[in-house]
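A.B. asks: Below, each chain spelled out in residue letters.
Protein chains: 2
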Amino acid sequence: MTTDQASGPLSGLRILEIGHFVAAPFCTRLLADLGADVIKIEPHGGDPVRKWGASVDDNSLWWSVHGRNKRSVRLNLKAPGATDIVLDILRNCDAVVENFRPGQLARMGLSNETMRRDNPGLIVTHVSGFGQDGPYRDRAAFGVIGEAIGGLRYLSDHAPGTSDLPPVRAGISIGDSLAGLYAAFGLVTALWQRDQANGDGKGRTIDVALTESVLSMMEGTLPEYGMLGNVRQPTGSRIPTAAPSSAYPTKDGKWVLIAGNSEPIFKRLCELIGSPELPDDVRFASNPTRVANVDELDAIIANWTSQQESTSLLSLLEQSDIPSSGIYSATEIANDPQYRQRNMVREVEDARFAKPVLHPGIVPHFVEDPGNVRWCGPAIGQHTTEVLTEVGYDADTIATLVANGVI
Amino acid sequence: MTTDQASGPLSGLRILEIGHFVAAPFCTRLLADLGADVIKIEPHGGDPVRKWGASVDDNSLWWSVHGRNKRSVRLNLKAPGATDIVLDILRNCDAVVENFRPGQLARMGLSNETMRRDNPGLIVTHVSGFGQDGPYRDRAAFGVIGEAIGGLRYLSDHAPGTSDLPPVRAGISIGDSLAGLYAAFGLVTALWQRDQANGDGKGRTIDVALTESVLSMMEGTLPEYGMLGNVRQPTGSRIPTAAPSSAYPTKDGKWVLIAGNSEPIFKRLCELIGSPELPDDVRFASNPTRVANVDELDAIIANWTSQQESTSLLSLLEQSDIPSSGIYSATEIANDPQYRQRNMVREVEDARFAKPVLHPGIVPHFVEDPGNVRWCGPAIGQHTTEVLTEVGYDADTIATLVANGVI
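If you read the sequences in order, they're chains S and B. First residue of the first sequence? That's 1 in this note's numbering, and the numbers climb one at a time after it. First residue of the second sequence? That's 1 in this note's numbering, and the numbers climb one at a time after it.
Any given hint could be a false lead.
Identical chains share a label here; the pair holds if one copy fits it or two copies do between them.
30 Å max Cα-Cα, derived DSBU-like pairs, lysine-lysine [claimed, not checked]:
1) 267 to 51
2) 51 to 251
3) 254 to 202
4) 78 to 267
Since the hints were derived computationally from the structure, they do not count as laboratory data.
Throw the hints in and build the complete structure from the sequences for me.
C.D. replies: Next comes the structure, spelled out in structure tokens:
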């Protein structure tokens, strides 16, 4: 480590990232946040995310977070000898995470077998659009494709007939980040299996697809279709399986979310809106009947909410212990006292910027050993010399590699 | 195990779930899918998800998936002596996952300290709306609240001014399932830390909040606001940081997603639509300029797509290796050849139903040892006697507990 000592439950772990864009780098951000030493291989032009979103002097703000706690090694993977450098680094790694198209890494000379030749315990984590085999394996995919094929995009829409506009994107590259999170879960699972007292020390291969990561979260969508032919439909602001739960309008033109979909909460909500008889009404007496009569129920609730200012409405709901909230934009997130107290919104020094950068905290929160933001997204190749020196390269060799444009 | 032998990388692991609804049970589904022995504590009325969504003879289809590979122990946690039963089961567990309101488990007599008294290696994973401390810790929260406070809901909308409708829900309880996935990642991380060769054998405490699980995925939202005051806005079907990527209309009234947001892909797309000069146009020459001129760019692409039938359009895009897809509903998911070949859509026998249930597969995919669906969501208390016998209860004791309504 060049800077602060690693802490967190994954300290002592070393991971090589051969990734770009969102999925693999998000996986390694999670691992690095918990203390792993993540070494990122980057081409001379850098990861494209360095240019995504708002920037100051060509430094993207997102990169400050996306690359944090990682070390960057500049390496042209297509240059002669580049794969030997990767293999030299891999010898001391526990795992590798990559998100090229399936087979591309092997074509570059970095098949699973080659990567494990001197390191049979290496855990190999592949992240791709559709997976490492099957008829679609060679298809190009980005997060939005994963969302669409996984079934999420179809549901991120208003109810059929409500709007002529297309279903909306979740608003973030959730297909990518979900795959990254599944990859991190899988990688650590393989580590446990390998390193436990009666483990065999062998590295496993994990094959994470964006599409499948999304599909895995689709609740009853698939079994309900298979058994009954029901094609789950979007429900806009509502939950299809529980009521009441929706966004309701306020007098000041905002939306307030109310989730009254458990029996005791629904009872309290009915008392609050001055209709304590509703839970005994046959239309609203149980969750299935409330779902069946949701238009009527939501109209009753909306009639009440639209007479209130959002601030006082939220206060009333909170006093009655009814799950509810405004819809947070960046402004409310940045100023939320709960996030601040739990260090989930924190100010981090980043030398490229004149003032601290606002970072999200480290999730999941380990109470005894939460990890830390040790540094922000590094410059391209900031740690090339450091890492190559660690694996035994001398100054002359490194200078030659630089002169030849390899690193 | 009463049925098939566990396989998968987490076989040998035993987890107690004291959970309900989505978040904690989703966490344990992921662990059980990979081979862990998950014991779920259920009240006599069962987990409410057993009644959510479409059912056949009161058996919800979702439950067949949500409860799969788990053992169910019926236990009234409020009955005298119930906590002793929990402690007896916990003695042989590696971890516990719970999603009561913060502090509620401790008030029932199951504080972290009590749970670890005879099992100092116990990993305790709390899942809650806002976390175990801080000013909001006692607030009620469901998945939709987590989405809203985490910032996702604000972005799941059309661009400001486009629509009078509220931002849509992601379409699933993604705040819950994200928290469950983070909890699974954290739990296995703590296991690795505990069980590795130089581990200390101690159990850690993991504190996962729905809100924070969502916030963790919000890309540049927070740093861009903090540095520049930019409040990230919804962009409907587009990506705010990359272009072109959107849903485009077809001649037959459908939507097709095209993600042309890398330089080589954009070039191929321009050739395909018969405008090979576009990448040299100053408005579209780089990702930042394409984002700045996205209305013009999308109009050019939409003009082309709206002259094509969706099937032939998708075929053209695939031939040019441009990331693209239709928007899958349950129908397309169930019939997708890639999912079928990778066993990500599979038919599973469930004795409650006259024909097999369509289940999503196991994610992440472990190539050498993928795990299996050993059985579907159990009946309430199906394994009560089995589990209590394993921890040393004799038949008379069990009969007395049944007679007293404890189990």
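A.B. asks: Determine for every hint whether it applies to the structure shown.
C.D. replies: Against the structure, the hints:
no. : hint       : in the structure
1   : 267 to 51  : between (51 Å within a copy, 19 Å between copies)
2   : 51 to 251  : neither (41 Å within a copy, 35 Å between copies)
3   : 254 to 202 : neither (55 Å within a copy, 48 Å between copies)
4   : 78 to 267  : between (65 Å within a copy, 22 Å between copies)
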